[in-house]
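*Asks:* Quick mapping for you: the protein sequence lines, in order, are chains X and Y.
Each residue of the first sequence is one higher than the one before, starting from 4 at the first, in the working numbering.
Each residue of the second sequence is one higher than the one before, starting from 3 at the first, in the working numbering.
No lab work stands behind these hints, which were simulated from the structure alone.
Quick caveat: nothing in here was measured; it's all calculated off a predicted structure.
Be aware that a few hints might be false.
[Stated by the list, open to error] Facing chain X, according to a computed beta carbon distance under 7 Å, are these residues of chain Y, among others:
1) Leu7
2) Ala10
3) Ala14
4) Lys177
5) Gln276
6) Ala324
7) Met325
8) Gly326
9) Ala327
10) Arg328
We treat Cβ as the ideally placed atom computed from N, Cα and C, and that holds for glycine.
The residues making up each chain are set out below.
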Amino acid sequence: MPDANPILHLKDVQFRWPGRASFGVHVSEFSMAQGETVLLLGESGSGKSTLLSLICGTIVADAGEVQVASTNIAALSPGQRDGFRAEQIGLIFQQFNLLPFASVRDNITLPLQFAAQRRARVGDPNAEAHKLCLDLRLPKDVVSARAGTLSVGQQQRVAAARALIGAPPLIIADEPTSSLDAATQATFLELLVAQSRTHGASVLMVSHDARLSDQFDRVIHMSDIAQSLRDVA
Amino acid sequence: MILRLALASLAARALTVGMTILAIALSVALFLGVEKVRTGAKASFADTISGTDLIVGARSGSVQLLLYSVFRIGNATNNMTWESYQDLAARPEVDWIVPISLGDSHRQFRVMGTTVAFFDRYKYRSGQSLAVKDGAVIDDLFDTVIGADVAETLGYKIGDPIVVAHGLASFTEHKDQPFRVSGILEKTGTPVDRTVIVSLEAIEAIHVDWRNGAQIPGQSTPADTIRQMQLEPQAVTAALVGVKSRLQVFGLQRAINEYPQEPLLAILPGVALQELWQIVGIAETALIAVSAMVVVTALIGMMATIFSSLNERRREMAIFRAMGARPRVVLGLLVLEAVLMASVGALLGLALLYLALFIGQPLIDSAFGLWLPIEPPTLRELWVLAGVIVAGAIVSMIPAYRAYRMSLADGMLVRT
């Protein structure tokens, strides 16, 4: 898919874990257009997490190029990469997304601490947190509750609100629905995708569950874009 | 907001954090308490005798003179003659003079012969006078006033008889002339508490039948006969002197030290006390060192708590990292946490100290005669508190650095 300005572009990326020399990943080419929603399917051990870490810039490719929002993240210093991640990427994990001791409001507005542009885009963080909660159909008074007291489904929606706040261009979700039951899974995905569209964000979601495919513009298998590298000797 | 999150994180681990803070608070309270007791003891020590300008005795060392005349420790190598004493008393600079005659004992306590003026002139703790708790000061020749410790240890009441022993730790007693307890003094925290005070004449009286340190066999003069006698001492052990003008102190001291008829020594009590404290003061350094160790132990305890919390908090760190926090934010967060704990601990320790002082002050005063003033924290104490907080921050660097390394390695993907 040719795009002059892809949100995400990986080319000939190669990475091996230091110390664990037996495992690595090679991505020949992978690209995502702005506003696109992509489901990346892959078995466990296929290098999904490594790929996400490469995109987020917590690890740096040994070879090749990782471009997020047209920026080669390997060219940034570690500190700049952290700042860049804060500005460009909203992250949702599989589970335990939130600081359980902090309020929902503090959890949602946390990324704004590290991302000045997102902070500037928001205006009033508390009002925005409140609005996102409503948009994600969380109970009205949830913002002041302690995050740890929420149900798993609610926690995942709070995590989604946190990823969306300040409208980062890219939302990355690492199996966000695997801890949810089928019914909540569907609602969660609908809301996530709908909200991402509203905010104009691209979504890259990683899962091993092909049943979620309907919600996405495009579905890619890990094996189509990447090979995991193992020592032959 | 970071501060709020740090506080919330601490609150979520209230029990371990509370224990850590308590340990720091107790150690700080101990340290400051030792500091208080030390300065209190030093002040009490320096206040053992006040209002006296010079202590005069036979020539020896100033510390030795102070030890036997004020602290009743050790013995006089020599006495000063009654002539010298009267000579001194007649000098124009002398406002008042109180003789002290030592050498006899009652059980483990020293007996001191003096005049009634002693009760007016002897001052302690910045000018406080001796007060009689029970009974009255010496009236009859065979009356005695005993210190609070003497009364308490031996269980004496007013009217009880006392037999004075000749010399110290001696088996020969002045059985023929028993004394009567006429008064018991209030606790002072000075050596007076451990002293049996009799009149100077009484010291002579009990030695009427004695020559050369032994009783003349078969001779025993009845008490009433003794009362009729002229009991003028041959010598006294020391004298407390007050001068009319403080400006004359050094002149008088020199005059006494150069007294041609007899080798005498006059000392300034304050200076001699300072000299003595320098010897006693070694113990205070040890005390400080031990309580400083306790503070260090508490801080190491805090470090251990932070270390052990790191694993369970990997997730928390990973979330911060995923949100774009640099590893040094993680480091800062842990140091901030330690500073918060150390600060609360230090302040709580200070509060504990004041609580303990408030409750303990009268008890310590009556039990040990040690007066610990309740004052706002001194600059030195504030420095100690600041030191604890800074030390807490420094100590926390070690686990914080480990967290820094961990969060660099973990990135944002920790699956727990």
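*Asks:* Each of the hints needs a verdict: does it hold here or not?
*Replies:* Against the structure, the hints:
no. : hint   : verdict
1   : Leu7   : holds (5 Å)
2   : Ala10  : holds (4 Å)
3   : Ala14  : holds (3 Å)
4   : Lys177 : violated (80 Å)
5   : Gln276 : violated (56 Å)
6   : Ala324 : holds (5 Å)
7   : Met325 : holds (4 Å)
8   : Gly326 : holds (2 Å)
9   : Ala327 : holds (5 Å)
10  : Arg328 : holds (5 Å)
Hint check: violations occur at hints 4, 5; the rest are consistent with the structure.
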